[in-house]
Structures are given as C-alpha cells and as structure tokens.
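*Asks:* Residue numbers for the sequence shown follow the working numbering, so the first one is 1 and each next one is one higher.
Fair warning: there could be bad hints in the mix.
What the hints assert, rightly or not - Straight line, CA to CA, 20 Å or less: simulated SDA-like cross-link-like pairs of lysine to any residue:
1. 4 with 251
2. 26 with 85
3. 4 with 151
4. 254 with 20
5. 24 with 49
6. 161 with 92
7. 26 with 52
8. 65 with 254
9. 104 with 54
10. 161 with 93
11. 254 with 179
12. 251 with 2
13. 251 with 241
14. 65 with 109
15. 24 with 58
16. 248 with 258
17. 265 with 62
18. 24 with 254
19. 273 with 260
20. 248 with 237
21. 26 with 252
22. 273 with 58
23. 248 with 92
24. 179 with 218
25. 26 with 53
26. 26 with 248
27. 65 with 263
28. 248 with 2
29. 104 with 130
No lab work stands behind these hints: they were computed from the structure.
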Amino acid sequence: MDDKGRCAGAILYSMDSEEFFVVKAKSTLIATGGYGRLHIRGFDTTNHYGSTGDGLVMAYRAGAKLMYMDSVQYHPTGVSFPEQIAGFLVTEAIRGAGGQPLNKEGELFVFPREPRDIEASAIIRECVQNGGGIPTPSGRVGVWLDSPLIDMLHGEGYTEKHFPAMYRQFIRYGIDIAKLPMLIYPSLHYQNGGIEINDRCETDIPGLYVAGEATGGLHGRNRLMGNSVLDYNVFGRRAGRYAGEYAKTVKLGKLSLAHLDSYEKELANAGVKTDLVTPVLLPSYAPKDVKKRQLLRGNNVLQGSSVLQNRLFDERPDA
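Full structure from sequences and hints, please.
*Replies:* Below is the structure:
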C-alpha cells in the first residue's frame, strides 16, 4: 500500500534464492485461484497444489471485503480409488454418456444427472448415513460409477475414443474403465466465495483488481458446469483492461505497511491473540521492538525496474 491507502504492488518471495522482493506497481491484479488445498472438512480436491487461498488472505489483511466464504462446491464424482489420484475430477460427461452411480449392492440410488449439489449430497448420504459405500484400503469410501455400461450402450471402444485422457489415467493403475467401474466420491472443486468486486473487477482498495476464482459471488452460491469460463473469458479481460486504464492515471505515493498496523488493531479489538510476525521489509516501518528479531540487509534498488530488493533473515532470540 502507499501512504494514501492505494494498492502499490506486492511483496514477493523467491523460493530459490530465499529473498524477498518489493515490487512497486500502479495497479495490482490478484488471480490466485481458490482454496481447495485447505481440504475443508477433510475432502479431497480437484484443485492444484497452489490453491491455498493466499490471495484472499492478503486482500483481506489489506482491507478488501470477502463474500460467500461459507460457500464451496463439491463435484459429485471425484476419484476415490486408486489413492494416487484421489480427488481427481471424473467429468460429468461420463454420466451423460450413460455411467450410473451404484451403491455396494449394485443399486441405483440417485438419478445420474442431477445438479452437482444434489448429486454430491446423495452420494455422501449413501456412504455416510445409509452404509452403502465401498471402503478402500486406505480408509476412504466411495460408490461405483458404472462406466462399462457406456460401451454397452454405444458400442465397444466408445469410452476409450471419447474419454482418452480419463481412460489412460486409470489404465496406468491397471484399471480398464471400459470393463471395470470407477470408485468415486465428491471432491472439493470450486470456491463460490472470494474477494468482492464491482463490474470493473475493482475492490474497495484503489488499484487492487481481482479476476478468476479468487473473486466472490460471480455465480452466486452454486456454479453451473462450464460457467467458470466466464471467470477468465469475461472478467479476466475486464480486470486487465480496467487495471491498465487505472495505471495510466495514478501516481503512487510513499510505500507503507500501515494497513498491517490497522489489521493488528482489529485483531486486538476482537480479542484475537497471535504470536505470528509479518516480515518487515520497509526500513521506515521497522518497529524498535522487533529489530533484534528481524534485520534488513542488502537493501538495493534495481535500476530501471521499480523493484526494491531486500534480503531478510530472522534472528530469533528464542530459537
């Protein structure tokens, strides 16, 4: 942030050199995705390993509003076995082509093409409440997805031809989904909640824009299949466009971390106690009582790049 309360860039960390970098920018765009890797309620996830919600936390600490954080979408058909690919997405097209969800008795317990929330809740209920799930060696549970029925309906070779990636994904573990059913269970898939924006992808903080799954409420509390294309195809474009226009009109002030003081005061007023210390990178901000624990060195302005390079090491007296 700058001294006028505008977003002025970001602090980056290099995992290779273990250095912090302060990158000054007239407009900043958060596109960090969702938070499926938090494994809410212990569910597996279809999300990549970087989906840990860091962008949302940074925006919140800076003063941006969040919305619908209680709303996440579970895809009804995530892989339950083999464990090496647990959580991976099994496309709805499998059910569209004729795949049937069956319990351990081979019974069809839900219509195969219900909306995601209804289908997922029915599978969870069948496994948890009704005892109709099939356990895996690692303690997971799931129901059968009768993929062999697809070839029976459409002819031999249909599954391999129309779902080649999924066919290869299972065949590498010795499972031919044209002959054997898949074991599936709902997987944490999409985060309906996120950072609140307007139609220009702006947050409450001047200069801070958001696009993609990091935004909140674009699809309400339950996204329909395929609608996430809007996240980047429409709002990604709008975010870049308006961020670029804003950057042409603004002149940043002095860099500041005063928003962290404000955040810490809010925690104190709410009775929240924490011993976590935010890395101090700006010399003018470094409080006297943390100088022994956090020392700056190698303060170097990289000419022509608007990047302030700082090396940080932590000299903790209690370590």
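*Asks:* None of the hints should be skipped; say for each whether it holds.
*Replies:* Here is how each hint holds up against the structure:
no.	hint	verdict
1	4 with 251	11 Å, holds
2	26 with 85	42 Å, violated
3	4 with 151	64 Å, violated
4	254 with 20	19 Å, holds
5	24 with 49	27 Å, violated
6	161 with 92	16 Å, holds
7	26 with 52	26 Å, violated
8	65 with 254	24 Å, violated
9	104 with 54	40 Å, violated
10	161 with 93	13 Å, holds
11	254 with 179	65 Å, violated
12	251 with 2	10 Å, holds
13	251 with 241	18 Å, holds
14	65 with 109	41 Å, violated
15	24 with 58	16 Å, holds
16	248 with 258	25 Å, violated
17	265 with 62	13 Å, holds
18	24 with 254	10 Å, holds
19	273 with 260	15 Å, holds
20	248 with 237	17 Å, holds
21	26 with 252	6 Å, holds
22	273 with 58	19 Å, holds
23	248 with 92	44 Å, violated
24	179 with 218	40 Å, violated
25	26 with 53	23 Å, violated
26	26 with 248	8 Å, holds
27	65 with 263	13 Å, holds
28	248 with 2	17 Å, holds
29	104 with 130	11 Å, holds
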